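Make a model of the complete structure from these sequences and hints.
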Amino acid sequence: MLQTIRDRASGWVAYTIIGLLIIPFALWGINSYFDGSGVLNVAQVGDIEISQQEFQRAYQQQRQRLQAMFGGNIDPALLDENRMKQEVLQQLVDEKVLLQVSKDAGLRVSDQYLRQAIVGTSAFQRDGTFDAELYKRLLGAQGYSELSFEEGLRNSLATEQLRGGVADSALVTAKELDQVIGLLTEQRNLRYVVLPFAPYLEKASVEDSAIEAYFKENQKRFMEPERVRVSYLDLSAERLAESIKVSDEDLRSFYQEQIAQYSLPEQRSASHILVTIPADHKPGDVDKAKAQAQEIYTTINSGNKTFQQALDELKAAKPSGIEVGDLGTITKGMLDPAFETALYALKTVGDVSEPIQTPFGFHIIRLDGITPEKTKSFDEVREDVTKQYRARQAETRFYDLAQTLTDLSYEHPDSLEPAAQALGLKIEESPWFNRQGGEGVLAYPKVVTAAFSEDVLKRGQNSEPLEVEPNHVLVIRLAEHQDAQPRSLDAVRDDIVKQLRTQQAQQKIAETANTLREKAIAGGDLQALAGEFGGELKTAEAVTRTGSKLDSAIVREAFRLPKPVDGKPSISVATLGNGDRSVIAVTQAQPGKVEDYPADQRQALAQQMAQQRGLSQYESLVESLRQRFDIVTHGDRL
Amino acid sequence: MENYTDEELVETIKQWWKANGSAIIAGIAIGLVVIFGWRFWTSHRLAQAEDASLHYDNLLQSLTRNNAADALRQGQELFDDYSGSPYADLAALQLAKQAVADKKMPEAIAQLEWIVDHADMDEIRDIAHLRLARVLLDQGRLDEADKQLTSVQDQSFNVELEELRGDLYLARKQPEEARTAYQAALSAGGNNFLQLKLADLAPPKQEK
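So the sequence lines, in the order shown, correspond to chains A and B. Per this note's numbering, the very first residue in the first sequence carries number 1; after that it's consecutive. Per this note's numbering, the very first residue in the second sequence carries number 1; after that it's consecutive.
In short, the hints are calculated from the structure, not lab data. Check each hint, because a few of them may be wrong.
The calculated DMTMM-like cross-link candidates involving lysine to aspartate or glutamate, where the alpha carbons are at most 20 Å apart (straight line), are [claimed, not checked]: (1) A/Lys-175 <-> B/Glu-107; (2) A/Lys-315 <-> A/Glu-249; (3) A/Lys-387 <-> A/Asp-250; (4) A/Lys-593 <-> B/Asp-200; (5) A/Lys-175 <-> B/Asp-102; (6) A/Lys-175 <-> B/Asp-143; (7) A/Lys-103 <-> B/Asp-200; (8) A/Lys-318 <-> A/Glu-295; (9) A/Lys-103 <-> B/Glu-50; (10) A/Lys-103 <-> B/Asp-57; (11) B/Lys-103 <-> A/Glu-595; (12) A/Lys-563 <-> B/Glu-176; (13) B/Lys-104 <-> A/Asp-178; (14) A/Lys-315 <-> A/Asp-326; (15) B/Lys-104 <-> A/Glu-176; (16) A/Lys-175 <-> B/Asp-57; (17) B/Lys-103 <-> A/Asp-368.
No experiment lies behind these values; they were computed from the predicted model shown.
Given below as structure tokens:
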């Protein structure tokens, strides 16, 4: 048969078969050329791709930066994951744009500059000098090779040069600065009528029909939110501790193990004479200090003076470079090791040491007293020992039990019973709660999140073990669920009344203020209008933008208004923080005196303007550069 | 296929080599020259860029040390030997800023004009146009400033462009046009100082 195939497999038959084979190979083979090795990119900028790995690294670094900046109290809005991811992606895209532009344009820093940047980075320094070992270790920890890190740094230094070159070189001319200062220090004279809000609120009345209509229209806002009850197992080392049985024997051996905790080590008190070495000392200074200290020591040692006499004399004379005094009680580990060794080498009270060198200088030490080591007896500390023993034992048991809890709650996802029996725990029941949580275990966000999670709420399974605190684990499951429900009108009536009255009063006062404004613009006298509309007329002279005692809403509006022209005041309405309305008339505007503006403030303002302008120009530059590339981002792959 | 004896085959190859050998050698030679030439060219470009960067960095350090003469010298070297490098443009931007701070307006104008004539990057040239307009406005050379503004190409710079237009109109005592320009700047993104300038203008005519 094979021979037959061979014979036939020539001419058109063969070509047809090959032709047919080409089709699937062409179609199914081709995509592997485009997908590369199957690595997904989060974005592509021109020819450069941003891989998921690179994105993740940048994202983690950003998170760490934020955490370092705010410690434990991060504003949750800052940690809005999606927003942060988008921002990080945008940054990466801009980086790639700038990288390609810099390369094409010929921006590249020299080896020397690169070396300076690395050596000057404080993270790579130990005691103020560059540490090559530390450098390599840190790079390794971040997953960089030296070569790739240095290439990356070189690139970012070059783009930083571009940024600095544009953003730090913006111009602000003196004339322009004068103009802005004139505007900033401008003074305006105002006459304004304040209409108080309270009477409007009192007068506002609401019909029952309006309340009902509002209730019907806004039913969605008056819902009792979805709520649940859960059953849970609560395992904590703290609770276990209460059930640990203790014997006198165990406690005594535990006490022996921990005896160091119940002992106070020997303490010594001392005085010293210190010949200091200046912090910025020159080569000869150390020898000079040493000689001086030796001289003092010799006078004491030879018996010419006692230590006390020498100390008193120096205390009275106060020569520069010498400090004397009583150091009080010293425990081991408090002071410089050299000092400590010398102090503990002294045998009896009153002994004086030779000059000892520490970073501060040369010390002559006198031992003033010894408080011997003291150990508390078992009976004295029995209570504390019991507590610690229990805590220690509970912790060990906790780890075993937590493992059992994890296993059993996972093996029997439909019941807490097996785990409860194995652990000897009681299944507890929570009260009703919604997504806001509640008290006790409901105060833990993890518990609330788990209670409303897909697994627990929809599938009715055990939650995974929730470690709410160290050594404290909960497993929960749904007991009862209630959908969101409309609240009754009676329950929300007061809220609605308040809301409607406020709305009505706001509308009325706005109308009144507007009428007043129109009449004032038409030329009505403010004094008379104030009387007519139940307001009070006030005047304010030489009001400035900042530092005025007037309500900030009034000042803001007064300076938002155009300048009065030909003695015709500019008039507008402002809403104050407490709901009062104010009709404001700017009667006069005097430009500020530029020459009175303090020089340092002028300098600061010039800098601020230049900075803002430079930054805006740089951002425009980046925006324009972005348009040079085809940029594709995949927000769904973040 | 025709059948050759060994000798005939050798003879044929020799013939063929005579006809085509020099062409092949020339081809290989050209290929090698192109490869090495390209490598030489790229490494030369990198070295040039690094040198220019070093000069620029020195210039910045001279400026921080308030050594204007040295900064100018570094800048001149960049303009003479690296005129195609963006570092020369950045240097001119920095020197122009220093000149304005020292109230040497003609020098600032010269620096910025150098960028307009030499810059490779359109964006840098646009920035130079904007800054030049700012300095010319300060000098009261309004028509020249106007010309600089019309030379700005990229729409990305609209905030600054419209603000400068407004300032220019104001200098020409055309407050209505100035307002329109400031408002355009504000709607393009704006900055803190635009509101100040707007509030200082007389009210628009239709509201009177």
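- Query: Quick check: which numbered hints come out false for this structure?
  - Reply: 2, 7, 16, 17
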